[in-house]
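Protein chains in written order, with the numbering used here: chain P, 1 to 112; chain V, 1001 to 1115.
I should point out that these hints are in silico values taken from the structure, not numbers from a laboratory.
Check before you lean on any hint, since a few could be wrong.
[Claimed, not checked] Here chain P is said to cover these stretches of chain V; the calculated rule only asks that three of the stretch's residues, wherever they fall, bring their Cβ under 8 Å from a Cβ of chain P: (1) 1020–1030; (2) 1102–1112.
[Claimed, not checked] Facing chain V, from chain P, some residues (calculated, C-beta under 8 Å): (3) Val28; (4) Ser31; (5) Thr48; (6) Lys59; (7) Gly85; (8) Gly103; (9) Gly105; (10) Ile107; (11) Val110.
Even glycine gets a Cβ: it sits at the ideal position worked out from N, Cα and C.
Residue strings, one per chain:
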Amino acid sequence: TQLLEQSPQFLSIQEGENLTVYCNSSSVFSSLQWYRQEPGEGPVLLVTVVTGGEVKKLKRLTFQFGDARKDSSLHITAAQPGDTGLYLCAGAIQTSYGKLTFGQGTILTVHP
Amino acid sequence: GAVVSQHPSWVICKSGTSVKIECRSLDFQATTMFWYRQFPKQSLMLMATSNEGSKATYEQGVEKDKFLINHASLTLSTLTVTSAHPEDSSFYICSVPGVGNYEQYFGPGTRLTVT
């Protein structure tokens, strides 16, 4: 069974601060996705990383996939209240028939 | 990515009744769909994999007779919660897998409240 340990579970910061969310596993993933979910809605895909060491940027968000494809991080620069939400990492392996292993989630609150 | 809809967006039912939730892939033919359950401020818990034209595959601990899944076409999967009880109250979300890198595209979810 593949596990993804996501941390921190809760993050409460002021507008303008930077933050990093981590996902770690002992398993190797074929790809890793990051999703953002707002209350009462379904998760929305932010990014997919597939290559070890890959870095992707989406405006103020930077995503990194570990060299060994066992871990990933999400860094947000100058957080804004609109970034508030539940962030989920999810990993896929080739033999999982499309199933994803989800991290526990990080609830981010950015105060104005 | 795929556009996924769910109906209803929320439903309230009485204990002992059954409720059907629909998941539609609007622009993508999906031989596989996934059903998740989510409790407040928690991550998603996979319940089952819905397979078009065949039986669903349930995760360990999920009662297949209670959560009936039907995937009758390439664009529609349904989840029926039978003989619902208050502990079945939750947020139910479906997803459609994308092509290639294993990402999934999620529906907007259905809030079920059993009174």
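Each hint tested on the structure:
| no. | hint | result |
| --- | --- | --- |
| 1 | 1020–1030 | violated (count 0) |
| 2 | 1102–1112 | holds (count 9) |
| 3 | Val28 | violated (14 Å) |
| 4 | Ser31 | holds (5 Å) |
| 5 | Thr48 | holds (5 Å) |
| 6 | Lys59 | violated (18 Å) |
| 7 | Gly85 | violated (11 Å) |
| 8 | Gly103 | holds (7 Å) |
| 9 | Gly105 | holds (4 Å) |
| 10 | Ile107 | holds (6 Å) |
| 11 | Val110 | violated (16 Å) |
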